[in-house]
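Novice: If you want the building blocks of each chain, they are given just below.
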Amino acid sequence: MSNSVGSRSKVNISLTVNGEPKTLSVYPMERLLDVLRLDLGLTGAKEGCGEGECGSCSVLMDGMLVNSCLVPVLQSAGSNIVTIEGLQAGETLHALQQAFLDCGGAQCGICTPGMILAASHLLSAIPEPTSEEIREGLAGNLCRCTGYSQIVEAVAEAARRRMTP
Amino acid sequence: MRSNPSDYELAAPGNLQAIVSLIGSEPGKWLPIAGGTDVMVQYAAGKLPALKLLNIWNLPELRRIEVSADEIRIGAGSTYTDLRKNSIVENEFPLLASAARWTGGIANQNRGTIGGNIVNASPAADSLPALLVYDADLILVSVRGERRVTYASFHTGYKKTLLAQDELVKAVCLPRRFSEYFAYARKVGARKAQAIAKVCIAAAGRVVNGSAEDVRIALGSVAPVPLRLTGTEKTVNGKIISADLLRLARQTAAADIRPIDDIRSTARYRTAVAGNLVVEFLTRLNAEQASGDFREAKDVLTKWNALSRDEAIKTILPCCGSRAWAHGMASHRPLTDEAALLAASSDVWRSLTTSDWVEAFQSHPRIGESRAEQPPPAQSVEWSTQEQRAIADADAAVKKALADANREYERRFNRIFIVCAGGKSAGEILEILQRRLNNNADTELQEAAEQQRQITELRLRKWLQG
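Chains as they are written, first to last, in this note's numbering: chain A, 1 to 165; chain B, 1001 to 1466.
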C-alpha cells in the first residue's frame, strides 16, 4: 500500500469484500464503514457511536475484528473484508445467525451484525469458549435492548452445534 | 460537525525510512496514524486539526517484538493483541499483559498500538503505568538519527511530551529483570471493557529478609501525567509491611497524587481509591511473600531441630543476644512452625532475670550508632543495620537530637535505650525516647524488655527465611 504524497484527490484501491475482488475510487481518509455502506451498498455494518465504543460497525479485516468506523479506507487496500452479508452460504444461514434467531439473541437488530462478527472472530480462535470467554470476546459490542444473556447463550449454542454436527 | 474526507491527505510511503524523511522535510506538519483508535475518533468528530496524515499502520519495521538476553524491544506499532499473544510479555511483564487485556474491547485491541498509547499521552491510558514500573526506555527516530530516552522523562505535562516535531516513537524497551517480582494491577472504571479508568494502578515489588524492597507503584488518572508514586515508594522500601506502614503509605499516596474532578470521577473518590489500591497491593505483596516463605521456614526449623545443643544455641543467639534465652529455646526443641517458635520465645524471654535482659539489650548498637557494647555476631550486626536504616537516612538535626537523648537515657537508666526500630522513622523514635525518659526505673525496664521481645520476634521471622 503506497501512494504519492500531496494528493487530496481520490485514489484507486483494490480489496476483496465477501470473497469478491473490488476496485474502488475513494478519498484515502474515507471511513471503511462509509465505503461499505454508501459505495458498496452493504448496510449490515451500522454506525452506532462512530468512535469505536459500540462495535455495531464491526467487520473482519484479514480475519481480525475491527471497528470499520475507525479504519481509513486506504488502510484496507489489499485486504480481505468480511461483513455480515458475507457470512451465510447461499440461502443457508451461518450457524451463528441461526443460533441468534433460535435463542432470541436479536431484538432491534442494530448491534446484531457486529455481535455475530465478534462471535465469529471469537469462535475461530476458541472453538469451545466458556461463558466468561464469550463475554470478553463480545465486550466491545454494546446491546441496548438488554439482550446480553440471550446473546451469550446464542454464541454458546452455535459453538455446541458446530462441535456436534 | 463531521470532517470532509476530501479535505485530508493520507500519505502512505510504505517504509520507515521514507516516513521519517517525510516528517523531517516538514516537521510538525504530518500526523502519523496507526490503528486509528484515537486519531479517527477526533476525525469523525470534526476535531482533527492535522490535514496531512501519514499512514504507519502495519509497518514491518514498527510491528515486531525482539527479545535479547537483557531486554525486550517492542516495536511501537505492535497492537495490544500482539502484546497479549507474546509469551515473554505474558510471563515476565504481567502488568503490561493485564493492561493490554483491559484496553478497549477486542476490536480496539486488534488496532490500538503501544506507540499510539504513549504518544496520545492520556493520563488515563491503561498501559502507561506498567511502562513506568518496568523502567521502560523509548527509542525515538528522526532524520537526525535515533535516540534512547527513559520513558519516565517522556511526559512533560498534560498531553505534552519530549517528542520533537520531526520524531517518531520507534520502540519501547523493557529490561528483563522483573520476572521474580510480585506484580499487581487493577483498573477501577465504570465497566470492565471499553471504559476509561477512574483510577488504575500497576505495581511490583519484592520482600527481602521480611522488608519491602524495590517497590514500584504507578497510577493512571490521578495527575496530568501517568505518575510514579516516588514518595510512597520511599516510605515503604526497606520497611516491614505492618498496619502502621499501611496507614503511612495511604497518607503518602494521597500527598503524591494530584487528582481532579472530571466527567468520570471526583478528586475525593480518586484519592480514596488510590489509597485503597496502594494498601491492597502492599497487603498482597506481604501475603504472597509469606506463603512462599512457609516452605523455607519449615526447612530452617527442621535443620535447627536436628542440630547438637551447642550448635542450636549458637545458631539462634543472634536473634536475641541473651545466652539464657538461647539455652531456653534449645530446650524447647523440637519447634515445628513459626507460631510455636514465637510462642516459645515469648515464654522463655518473660521467664528470664533482669541481668539476662540487660545482656540482650547490650548486644545492640546504640540507636544511631553501629557498635554494640559487646561485640555481637555478624548476623546481629547486619540485622541492626537494617532495623535502624531510617535513622541512617535521617537529617543531621534529628540525628544530633537522638544522640543527645541517648546519652541522657544512659545517664538516667545506666544502660542503652532499646526500641523496636523496624518501620519507624527517626522522628518517631526520638519522640518515643523522649517520652520514655519520664518513666520510672521499673516501668522503663518492662517497656524495654517488651521492645526487645518484639525485636526478637522480627529477627526470628527473618531467621526462618534462612
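Because the hints were derived from the structure by calculation, they are not lab data.
Treat each hint with caution, since some may be false.
DSS-like, lysine-lysine: derived pairs with alpha carbons at most 27 angstroms apart [said to hold, decoys possible]:
(1) B:Lys1234 with B:Lys1400
(2) B:Lys1052 with B:Lys1029
(3) A:Lys10 with B:Lys1047
(4) B:Lys1298 with B:Lys1399
(5) B:Lys1029 with A:Lys10
(6) A:Lys10 with B:Lys1160
(7) B:Lys1047 with B:Lys1029
(8) B:Lys1159 with B:Lys1029
(9) B:Lys1303 with B:Lys1399
Novice: For the pair supplied as a hint, B:Lys1047 and B:Lys1029, is the alpha-carbon distance within the 27 angstroms limit?
Specialist: Between B:Lys1047 and B:Lys1029 the Cα gap is close to 16 angstroms, so the pair holds against 27 angstroms.
Novice: Against the 27 angstroms threshold, does the CA-CA distance of B:Lys1298 and B:Lys1399 hold or violate the hint?
Specialist: Violated: B:Lys1298 and B:Lys1399 sit about 40 angstroms apart, past 27 angstroms.
Novice: Verify the proposed pairing of B:Lys1052 with B:Lys1029, using a straight-line Cα cut of 27 angstroms.
Specialist: 7 angstroms, holds
Novice: Could you grab the alpha-carbon distance between B:Lys1029 and A:Lys10 and see if it respects the 27 angstroms cut-off?
Specialist: With Cα atoms ~21 angstroms apart, B:Lys1029 and A:Lys10 stay inside 27 angstroms; holds.
Novice: Keeping to a limit of 27 angstroms between CA atoms, is the pair of B:Lys1159 and B:Lys1029 held or broken?
Specialist: Since the Cα atoms of B:Lys1159 and B:Lys1029 sit roughly 18 angstroms apart, the hinted pair holds (cutoff 27 angstroms).
Novice: Between the alpha carbons of A:Lys10 and B:Lys1047, is the straight-line distance 27 angstroms or under?
Specialist: 22 angstroms, holds
Novice: If you draw a straight line from the CA of B:Lys1234 to the CA of B:Lys1400, is it 27 angstroms or shorter?
Specialist: 23 angstroms, holds
Novice: With a cut-off of 27 angstroms on the C-alpha distance, tell me whether B:Lys1303 and B:Lys1399 pass.
Specialist: Since the Cα atoms of B:Lys1303 and B:Lys1399 sit roughly 41 angstroms apart, the hinted pair is violated (cutoff 27 angstroms).
Novice: Within 27 angstroms, alpha carbon to alpha carbon, are A:Lys10 and B:Lys1160?
Specialist: 34 angstroms, violated
Of the numbered hints given earlier, the model fails hints 4, 6, 9; all others are met.
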